[in-house]
Amino acid sequence: MHIGFDAQRNHLAGGAVTVTSPAMIAKTHNPERQAERSFARTVMLLVVLGFGLVMFAGLAALGVMLRGEEQSRWLDHTYQVEREVSTIRLALEEMRSARRGFALRLRFDSASSYGDAARKLHTGIDRVSALTRDNPAQQRRIEELRRLANSLDSVFRASMNPGAQRSAQAEAERQQLAQKVENLATRMVDRERALLVERAQARDDSITLFYIVLFATGVLLALVAVGSIWVIRRYTGELVGSREELRSLNENLEDAVAIRTTDLQRANDEIQRFAYIVSHDLRSPLVNVMGFTAELEAAIGPLQGFVQEVARDKPELVTEDIRLAVEEDLPESVGFIRTSTHKMDRLINAILRLSREGRRTIVPEALDLDRLANGVIDNLRHRIDELGVTADIVPGMPRIVADRLALEQILSNLVENAVKYLKPGRPGEVSISATTAPGRVLISVADNGRGVDRRDHDRIFDLFRRSGEQDQPGEGIGLAHVRALAYRLGGTISVESELDKGSTFIVNLPAIYAGEKAALS
Amino acid sequence: MNAQQAVNIVMIEDDEGHARLIEKNIRRAGISNPIHHFVDGTSAMKFLYDAPEGPVHSGPALILLDLNLPDMSGTDILAKIKGEGSPLKRAPVVVLTTTDDKLEIQRCYDLGCNVYITKPVNYENFATAIRQLGLFLSVIQVPDIDEG
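As they're listed, the protein sequences go chains S and P. With this note's numbering applied, the first sequence covers 1 to 521. With this note's numbering applied, the second sequence covers 1 to 148.
Looking at chain P on its own, in the form it has when it is part of the complex (with noise of 0.2 angstroms):
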């Protein structure tokens, strides 16, 4: 990743075992980023946005997001990231859910999201199916948070 500055990785999951599952296999693909785990909306946007070690204030940041939240929509999150003016604009979104319903996964790419994954029920395939995420992860490279 971003020789520089560590790449954060903030993942938006209400699910505690789901985010539990995904950070051991994301470590399994070696990747040692830091990983800023929330699960509701409000508090993750408010780091996004206003915390001091947050994404606008210091340095890149890949976005993992669920669409079922509890406090808001996962695309709404979506549309205020990727909205016009937004200063996480260029930041990778990686919507992973279960939902893979065909609108959905339309809107989300309308909306500007990166990568859709549909997280697979077999926990076989799941596990490998974020291994390679890690692995896309540590080749991808993340645009500097612009402040200007």
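The following block holds chain S by itself, in its conformation from the complex (with noise of 0.2 angstroms):
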């Protein structure tokens, strides 16, 4: 029914006003979307920048508390350092003390004691040398001392030999001398004292350097925890919400797309019934109109065997008018109205038949397109052999799940008016080919015909019109039953045609049917 789809499609055009509601209208709105975009780009950005701080708060931690331990060490070296130089202080104590033992032959051992003291002193020197390498003013006076500690140590070991001098100017000259050493290595420790004291100062620094760093690290992973939790909660609640918001809108759109379609519906089953009911209707009239015509030309012949007697008999009773009223004028108006009633008949069983075909029930299956075109054709290969036609089918087809009556009647259909409409002089041809769109089967039926005016491409499709020079039989409905029948299958049809030149029409059907209510909106 051609009608019941052009009022759905009204119907349609209607629906998607209202479906698109204002706030969707908002919800699409460029400026609002872009400024929320900005939003979202700066808050990342934030976010990732301050975990890269948090990151960066924890490596200088990690460095300081490096350079804190290293200080640590640095600290125990020195007091080490300090150890030593006190060993060679005591070490020194002792050797005068083994020296002036001797001198006074307090003990007997004082040589040995004092050998002692004199090896205590040089590996002291040895570790301090050893240990303060990385200190060039430290070495220089380890150097000075290790110098003064030798000579001492040779001055002393002299003194102590039987046939030493023992004036006083020698005792004052090793004194003087041993007081150098003395204080030397006092100097020593005081520098070491002086490190130590600064090294200890660093190294309180460094840690509480290593506290504010961990302090700061802390504050900025709380601040960066609650920023995250902050835009992480903003994010789900507007998640959540805008869930909510598609999911009342989808629950609109399926009510309104709901009520749209059994409106739908409601008109389309309004108009087949309105079909139905009319040309049924129809019928019935003209049931008496052809019946009580029959009676009539069944009247005529005894009529007219009647005039015809009388005529002979009694010439003068048969007037002209009487004449050509039962011979000429009577038999042609029955004529006339036979054969409009007959027509009228056969366009209300167009009707009927269209109403019919809108109610059947589509019942889709997995079609091969070869075999239903071949099939096709040879149903039709009696006329097309007649006229001398060559059919081609281009193999290859695509499938597609439709309905296969359906298709086999657009198919036919138009096979049969390419067949019927050929260029006269002209060997016809015709040829059914198929290609994919995206979701969609588009199937040609081309052929070499008379062609259709560019003026009549759209009306060849509505019912009882018909295209060009009126010689070939046809109520006009062939197209027209097409058309429903493609739109009934969710697709549409065009044409693509040039007088003189021959025509193809496409049919363009999704590749697999999705059921009626699909089909409509």
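Hints are not guaranteed to be accurate.
[Claimed, not checked] Computed list of lysine-lysine pairs in DSS-like fashion (alpha-carbon distance at most 30 angstroms, straight line): (1) P:LYS82 <-> S:LYS343; (2) P:LYS46 <-> P:LYS80; (3) P:LYS24 <-> S:LYS343; (4) S:LYS180 <-> S:LYS120; (5) S:LYS343 <-> S:LYS420; (6) P:LYS82 <-> P:LYS102.
[To be verified] To list a few chain S residues with every Cβ distance to chain P over 10 angstroms, as calculated: (7) GLU32; (8) VAL48; (9) ARG133; (10) LYS180; (11) VAL189; (12) VAL278; (13) ALA325; (14) ARG426; (15) LYS501.
Don't read these hints as lab results, they were simulated from the structure. Note that the Cβ used here is the ideal one computed from N, Cα and C, for glycine as well.
Hints given; two lone chains; assemble the complex.
The structure is reproduced here in structure tokens:
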């Protein structure tokens, strides 16, 4: 029913407007969306920056801690040096007391205890020298100390020889040298102590720094965490909100579509019923018209016989008027009534057929177009051969899920038309081919026939409308029927044609028939 | 037809023209039984059930029924005639209508109609059909209306 389908399309246009609610328009409003996007970018940047800072702070804390450890090691080192220097001083003291003891002959083993002390002194100097390799000033001092200690050692050892000079001057010189060594050692200890204080201070500073950095890191971490949580919460909230909104919109949409579909279904049913009742009820009086016309026709025979009889017997009774009425007017009128009623009968049957087709249930199934097209051609083989038409199917057509009967009728009607409207003097050619588009299958039926005038490209799909010379029998139903079928399968039909050049009818169908409701929306 | 009692033909048909054509062609088939014609359901039902000369009170009948009536649907009449406890349950009903809708035909047979005939639009076919119906009527046996 092409009327029904037009009405559906009008309804649909209205439906689209209702479905686009103000909320949706606001949602898709551009500047707002852009602002939201830039805000999201800023937040993302801040979060990344925050985490970067936390990482940096962590690294800084690690660095500070490592430095503190280093400083502790240095402090330890300084302690060691100080201890060693003290050992040197102690050894020096021991040397002096051992020498004094030897001079006063207080003990017999003073010589060996002096040797021990001297060894201790040299070992101490060696150790300090090894420890203070990093400190050139101390190194210088220790070398000085080593030189002084060596000379002191040799002076002391000389003084302990039995034949040694025992003058007061020599004694004073020895004491002076010892004092020098003593002073140098003391200076070194002082230096180390100063270093110790310095290093302890540095270590304390670095510990403080470490705590500060740690604290800062903690604060930063807390800030980033709070920020992240805030952002996440905000986004989650928005997400939940928009999901909620989407769901309600979706539900409304479904409701709207359901209502619209029901409306359309009802409108379509109404039109189907209307077409059916009209065509059906029109038949009833037509039966009478045809019936009584036949009775009239049957009555003409005896009447003509009677008039002829009268004309033979009493010619004066039969006027020219009576003769004409009985022999010409009556048969002619009955003939016209008959032709008209026959035509009306065919038209009513066409409407009935369309309305019945509209009520047929669509049974989708997977179809092999090659085979289907071959079947259609085979069914029309007799007519095709009779007219010397070449029918060609381009193999490798895609598969399609649709109603077999509807598709067969579409192709059959199109091929029939192609065979019917040939260009006189040119052998006919018909070709069926198909291509795919995303989700669609485009079936083409091309011919080299007489073509359709551009003005009539839309008109030919209307019921009872035909194009070109009316030299072929037909009611103008075929293409209307094809279009109704294409619509029912969720598709469309169009024609590309030029007068005298041939026509190509293109049926655009969904690759997979999605049901009556989907076809409507 | 029934030898003892003339079978009444009750024709329920709202279109006078159709009724006339049907009657003509039945007569042409040589059937001379009385034909009672009604153009609406109400008067037809009154005749079928209440009239003294109607089938319930006097003898067998055959009903020709059109489905499109002005006051009630033909299927309602059919349902009433063929319904449980109806005295006319056994009376043959020939549905003679323009409707060739499959569902409608099924429904009529479900309700108990005996013959369903679609009126052909082409008059020659129509006349032939009615004449053959007449021949058919001349040979079928119609049961007596059991008053018990």
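Hint check results:
About 40 angstroms separates the Cα atoms of LYS82 of chain P and LYS343 of chain S, which puts this hinted pair outside 30 angstroms; it is violated. At most 30 angstroms may separate the alpha-carbon atoms for a hinted pair to count; LYS46 of chain P and LYS80 of chain P meet this at roughly 12 angstroms. Of the supplied pair hints, the one linking LYS24 of chain P and LYS343 of chain S holds, its CA atoms being roughly 26 angstroms apart against a limit of 30 angstroms. Of the pairs offered as hints, the one joining LYS180 of chain S and LYS120 of chain S holds, with about 18 angstroms between alpha carbons and a cut-off of 30 angstroms not exceeded.
Using a Cα cut-off of 30 angstroms, the hinted pair LYS343 of chain S and LYS420 of chain S holds, with the two alpha carbons roughly 20 angstroms apart. Only pairs whose Cα atoms come within 30 angstroms are accepted, and LYS82 of chain P paired with LYS102 of chain P is accepted, the gap being roughly 20 angstroms. With a least CB separation of 57 angstroms from chain P, GLU32 of chain S remains clear of the 10 angstroms interface cut-off, as annotated. For VAL48 of chain S, the shortest C-beta to C-beta distance to chain P comes to about 71 angstroms, beyond the 10 angstroms cut-off, and the non-interface label holds.
For ARG133 of chain S, the requirement that its beta carbon stay farther than 10 angstroms from each beta carbon of chain P is met, with the minimum near 114 angstroms. The claim that LYS180 of chain S lies off the interface holds: its Cβ sits roughly 136 angstroms from the closest Cβ of chain P, which is beyond the 10 angstroms cut-off. Once the 10 angstroms rule is applied to beta carbons, VAL189 of chain S is consistent with being away from chain P; the minimum gap is 123 angstroms. Non-interface call for VAL278 of chain S relative to chain P: holds, since the shortest CB-CB distance, roughly 13 angstroms, exceeds 10 angstroms.
With a least CB separation of 23 angstroms from chain P, ALA325 of chain S remains clear of the 10 angstroms interface cut-off, as annotated. With a closest Cβ-Cβ approach of about 39 angstroms to chain P, ARG426 of chain S is found to remain outside the 10 angstroms limit, as its non-interface label requires. Every Cβ of chain P is farther than 10 angstroms from the Cβ of LYS501 of chain S; the closest lies at roughly 41 angstroms, confirming the non-interface assignment.
Checked against the numbered hints above, the structure violates only hint 1.
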